[in-house]
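Novice: So you can see what is in the structure, the chains are spelled out below.
2 protein chains.
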Amino acid sequence: MAGAQGGWVLTATARSPTNIAVIKYWGKRDETLILPVNDSISVTLDPDHLSATTTVAVSPSFDRDRMWLNGTEISLSGGRFQNCLREIRQRARDVENKEKGIHIRKEDWEKLHVHIASYNNFPTAAGLASSAAGFACLVFTLAKLMNVSEDGAALSSIARQGSGSACRSLYGGFVKWVKGEAANGSDSIAVQLVDESYWNDLVVIIAVVSSRQKETSSTSGMRDSVVTSTLLQHRAEVIVPSRILQMEEAIKNRNFGSFARLTCADSNQFHAVCLDTTPPIFYMNDTSHRVINTVERWSQFEGAPQVAYTFDAGPNAVLIAPSREVASLLLQRLLFFFPPPPDTKLEGYMVGDTSILQEAGVHSAEDVASLPPPPETKDKNNAQKYPGSISYFICTRPGKGPILLSEDQSLIHPVTGMPK
Amino acid sequence: MAGAQGGWVLTATARSPTNIAVIKYWGKRDETLILPVNDSISVTLDPDHLSATTTVAVSPSFDRDRMWLNGTEISLSGGRFQNCLREIRQRARDVENKEKGIHIRKEDWEKLHVHIASYNNFPTAAGLASSAAGFACLVFTLAKLMNVSEDGAALSSIARQGSGSACRSLYGGFVKWVKGEAANGSDSIAVQLVDESYWNDLVVIIAVVSSRQKETSSTSGMRDSVVTSTLLQHRAEVIVPSRILQMEEAIKNRNFGSFARLTCADSNQFHAVCLDTTPPIFYMNDTSHRVINTVERWSQFEGAPQVAYTFDAGPNAVLIAPSREVASLLLQRLLFFFPPPPDTKLEGYMVGDTSILQEAGVHSAEDVASLPPPPETKDKNNAQKYPGSISYFICTRPGKGPILLSEDQSLIHPVTGMPK
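Heads up: the sequence lines are chains A and B, in that order. Residue numbers are given in the UniProt record's numbering: position 251 of the first sequence equals residue 251, and the series is strictly consecutive. Residue numbers are given in the UniProt record's numbering: position 23 of the second sequence equals residue 23, and the series is strictly consecutive.
Only chain A is shown next, with the shape it has when bound in the complex:
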């Protein structure tokens, strides 16, 4: 091991996207390997707005594996971290860095420890699949640092053991997580259906819903559903397989009507299974219901789905519009019914790619206040509004998979080996 003793530090830094399922994953057939009861399909979101960035550093001076998430040290003792670390270490190969005079042999990796620093460019607690981006990024970055030769599919199978939905964050665009058949999980992998440029008109708007409720973790929630819901098995065995085929077809044909119908129906069915669980799990709240009703009234008025909605294990709405034009009509509706609380500026209430807002002619909180009720509103003079029930909106789009970042974007100091 050349260059050791003194304490060289070698790092790799990468950024990985989060993703939102349009055909939902709910229920494991194997808790340890994280093998699902059905296939799922997701769309990867633009990492510019929602992503995890992770640096993994290795140095002979490190005496144990350590990790910092958003600046705070967290325990790596959990089985999920250990599984990912072990699986990547087993596949580690020789690494040579001539510039730094470092040569790590394959067999050295078992003795070397790593420091991991990760941060999300969005609130971790907001229920926006931070663990999917985080584990995808951890596995991708570890694999880069350790010169692992496995392809995305093999890495996805490792990321899956950190957090099921993380496997889908190894690719951009639309991604299918194939449930697989093998007992060891080797064929439970993510595959890219189409990349992010294939259907690039899509616009994604996330409504982060205010909530004081503590939510059931998805891990314990889906465990309860598997044990107690009498509908879950029927969904997994009978309904999802045909929906997966229809969804692949809708994506291939960029058929937005079909895509939206399937996305909404599957989100609702996932929440139906949660409700069918003992004790019942409520992830959506009254605000979530009102967002759905806003979309459904609009689509009914127009006679066809205008936008798709989907909700994960929390009250936040993820809305997908077929174009910037429709997204701008959606934003007008959302801001009409869910305006910012009094004395709140539009900046901060609408983040991400806010250019659509400009196109919609909404430049300030005053513009929001003068928005007319949408044409589908029944009682236009008396439309109920819900200021303060949404914390903020994120405007984004489908995005690409993990990318390696340059050394100057490292989150770990190249000399001390500690988070910057």
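Just to be clear, a hint being listed does not mean it is correct.
Remember, identical chains collapse to one label, so a pair may be satisfied in a single copy or spanning two.
As the list claims (entries may be wrong) - Distance condition first, Cα-Cα at most 20 Å in a straight line; then the derived EDC-like pairs of lysine to aspartate or glutamate:
hint	residue 1	residue 2
1	K385	E215
2	K385	D286
3	K28	D367
4	K106	D187
5	K380	E215
6	K98	D187
7	K378	E215
8	K400	E376
9	K111	E359
10	K111	D63
11	K378	E302
12	K98	D408
Treat the hints as calculated values from the structure; they're not laboratory data. Computed from a predicted model, the values in this text were never measured in an experiment.
Using the hints provided, position chain B relative to the given structure of chain A.
Specialist: Structure of chain B alone, referenced to chain A:
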């Protein structure tokens, strides 16, 4: 027809209970005959607190059928009213009232018109199955007036054509609505499982939840579910049949644990099917969810179901306790988390049989304010309360079926033939 011309008026008056399903009816296989996709089981509620009272009057001076509901004339042109009227008229027999010198022959009924006055002793709009009590009472009273000899089962089949769940209000205690097989609906009838004295420790507390939302009618809601939910058929064909058997067993054995588990699971599954409908139907709101969480936390703390909850096509919670003692513990919890709004008296907030409240030591709004958090509360110093989210509570119990009332309780004037 003796005594006619001048304008005699003959009346019959009866009172019928409402009922709440513990295994739910959701979905028709025949819209006109109102034939369900599955059996259901309900408990009849005490008519002292929740019932419809109906007078039907007949007179040769009436020139058409007319009806008044809660003092306001309503149209009888709907198919459901017409079906009930036609079915009973077809079974009408000779009626003789010597005292008044009236003799109506079987064949006269086709030419005679009726005036119907009905009122509910609870708010019609509160979503408390007023149509079940109303149609049961209409059919029962018409049958009495017209001297119909058919038994309760046959009458239930007629009431069913007014409102499906009305058939279950023809009996007290626990009642099963057998879905039947016949195409003409003749075997889709209600049967009494046990009468109201069989399991007479049960206490029922209804939380009438404040809501500004306009709800989907159950008629259109279940039609949408039948057409669009991919879970409804599985529920109706696979899950409900076994639950019906288990529920009959639980009732027969007065096994409250099993009764509560089945009741809660079936309520939640009915709402899951609503959520699985396109567009999704939300009957429960955040307050409904909080009532459920209150019960579930308590039951989990005690290690066994303490009370059962069930929700119909609206946000109101119907809670069933195994005894007055447990009901009093339930009331303490409900009043702790859902106190009356400030400056509200306890009278009016707690109606029906309020004696349990006295037993619980709660005599005033001040007593409510000083209730301690229940032992299962995690953060006792910081428990979240929701004043104003419940309009009022009704304390009641299982009750008896329809009864004929005396002439002095008639809602129609014996001379004018008009509502009093």
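Novice: Between K385 and D286, at a C-alpha cutoff of 20 Å, which is it: within one copy, between copies, both, or neither?
Specialist: Both. Shortest intra-copy (13 Å) and inter-copy (17 Å) distances satisfy the 20 Å Cα cut-off.
Novice: At most 20 Å between alpha carbons: which applies to K28 and D367, within, between, both or neither?
Specialist: neither (47 Å within a copy, 48 Å between copies)
Novice: For K106 and D187, with the copy left unspecified, which applies at a CA distance of at most 20 Å: within, between, both, or neither?
Specialist: neither (26 Å within a copy, 77 Å between copies)
Novice: Between the shortest in-copy and the shortest cross-copy C-alpha distance, which are at most 20 Å for K378 and E215: within, between, both, or neither?
Specialist: between (34 Å within a copy, 15 Å between copies)
Novice: If the cutoff is 20 Å on CA atoms, where do K400 and E376 land: within, between, both or neither? Let me know, please.
Specialist: The answer is neither: 36 Å in one copy and 47 Å across copies each exceed 20 Å.
Novice: Is it within, between, both, or neither for K111 and E359, if the alpha carbons may be no more than 20 Å apart?
Specialist: Answer is neither: 56 Å inside a copy and 70 Å across each miss the 20 Å cutoff.
Novice: Within, between, both or neither: how does the pair K380, E215 come out at a Cα-Cα threshold of 20 Å?
Specialist: between (35 Å within a copy, 19 Å between copies)
Novice: Should K111 paired with D63 be assigned to within, between, both, or neither, using CA atoms and 20 Å as the limit?
Specialist: This pair counts as within: shortest intra-copy Cα distance 10 Å, inter-copy 100 Å.
Novice: For the identical chains here, do K98 and D408 meet the 20 Å Cα criterion within one copy, between copies, both, or neither?
Specialist: within (18 Å within a copy, 106 Å between copies)
Novice: At most 20 Å between alpha carbons: which applies to K378 and E302, within, between, both or neither?
Specialist: Result: close within a single copy only, 14 Å intra versus 48 Å inter.
Novice: Are the CA atoms of K98 and D187 at most 20 Å apart within a copy, between copies, both, or neither?
Specialist: Intra 37 Å, inter 87 Å, cutoff 20 Å: neither.
Novice: Taking 20 Å as the upper bound on the Cα-Cα distance, should K385 and E215 be classified as within, between, both, or neither?
Specialist: between (25 Å within a copy, 18 Å between copies)
Hint compliance for this structure: hints 3, 4, 6, 8 and 9 are not met, and every other hint is.
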